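Student: This is what each chain is made of:
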Amino acid sequence: DAKTTQPPSMDCAEGRAANLPCNHSTISGNEYVYWYRQIHSQGPQYIIHGLKNNETNEMASLIITEDRKSSTLILPHATLRDTAVYYCIVRVSTGTASKLTFGTGTRLQVTL
Amino acid sequence: DTAVSQTPKYLVTQMGNDKSIKCEQNLGHDTMYWYKQDSKKFLKIMFSYNNKELIINETVPNRFSPKSPDKAHLNLHINSLELGDSAVYFCASSPRQHLAGNTIYFGEGSWLTVV
Chain A
1 DAKTTQPPSM DCAEGRAANL PCNHSTISGN EYVYWYRQIH SQGPQYIIHG LKNNETNEMA
61 SLIITEDRKS STLILPHATL RDTAVYYCIV RVSTGTASKL TFGTGTRLQV TL
Chain B
1 DTAVSQTPKY LVTQMGNDKS IKCEQNLGHD TMYWYKQDSK KFLKIMFSYN NKELIINETV
61 PNRFSPKSPD KAHLNLHINS LELGDSAVYF CASSPRQHLA GNTIYFGEGS WLTVV
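Top line first, the protein sequences correspond to chains A and B.
Take 1 as the starting number for the first sequence in the numbering used here and just add one per residue.
Take 1 as the starting number for the second sequence in the numbering used here and just add one per residue.
Only chain A is shown next, with the shape it has when bound in the complex:
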C-alpha cells in the first residue's frame, strides 16, 4: 500500500471546521483513500473513502486533489466528541488480498 504522511497533531475550536490533510504522493490508480478515526479506548471507526471524486456523508467530506497525490478530510462543525486520532490510509486490492495499513495518524484535539 502507498505510504501516507499526516501531521502528528492538530487543534480545532468547537463549532469550527476541522481540515485534516494527508499526502499520498505515490498513490496508484487503483488505490482508494480511506479515513478512519480512533477515539480513546475504542475500535477504529470508518469515516469515509474515495477513489477520484470528492465524497460527502453524514460525518465528513473528503476532498481529493485532481492528481490524487493528496486529500483533505473535513469535519464541518467539530465537536468535543470528534477528539480522536485520524488515520488516512490508501488501500489497494491485489488478487484476493486487500488490507488496511495504518500509519501514525493525526491527533485532533477539539477545544472549547
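Heads up, none of these hints are tricks.
Using 27 angstroms as the maximum straight-line C-alpha spacing, the simulated DSS-like pairs for lysine-lysine come out as follows:
(1) A:K3 x B:K44
(2) A:K52 x A:K69
(3) A:K3 x B:K40
(4) B:K44 x A:K69
Facing chain B, according to a computed beta carbon distance under 8 angstroms, are these residues of chain A, among others:
(5) Q42
(6) G43
(7) P44
(8) Y46
(9) H49
(10) K99
(11) L100
(12) F102
Source of the hints: derived by calculation from the structure; they are not laboratory data.
Remember, it's a predicted structure, so these values are computed and weren't measured experimentally.
Each residue gets a CB set at the ideal place from its N, CA and C atoms; glycine is no exception.
With chain A fixed as given, assemble chain B onto it according to the hints.
Tutor: Chain B alone, transformed into the frame defined by chain A:
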C-alpha cells in the same frame, strides 16, 4: 446491536498460559480480520479469513492460531503467552476481501495483559 463483537473485553493472564479471544460479526460479511495495536499505538494486521479460508497471514509467531468455524466467527488462540503479547487485539470484518472499495468495520477491542 453490536456489528462486530469480541469477548472478552479485558483479559489478564500469566506468562505461559494459553488463551482465546472470540469474535463474531452479524453483518453477513464474508471476510474477517485480526489486528493488533501495541503499546506504541501502531495498528497492524495479523490475519484475514475469507469464507473460512486464510487469505492474509502476516509475520506472526506460530503461537498465534486463528480459527474460523464459519464465516461469522473468527477466533484467535494464543499459546504460551509472553509479556510482549500484551496489546489490544481488534477483530474486523468486510463484505468481500478482494474489493478495495469495501469498508472494514472494527470491533471494540480486547485488552490483553500478560503478567
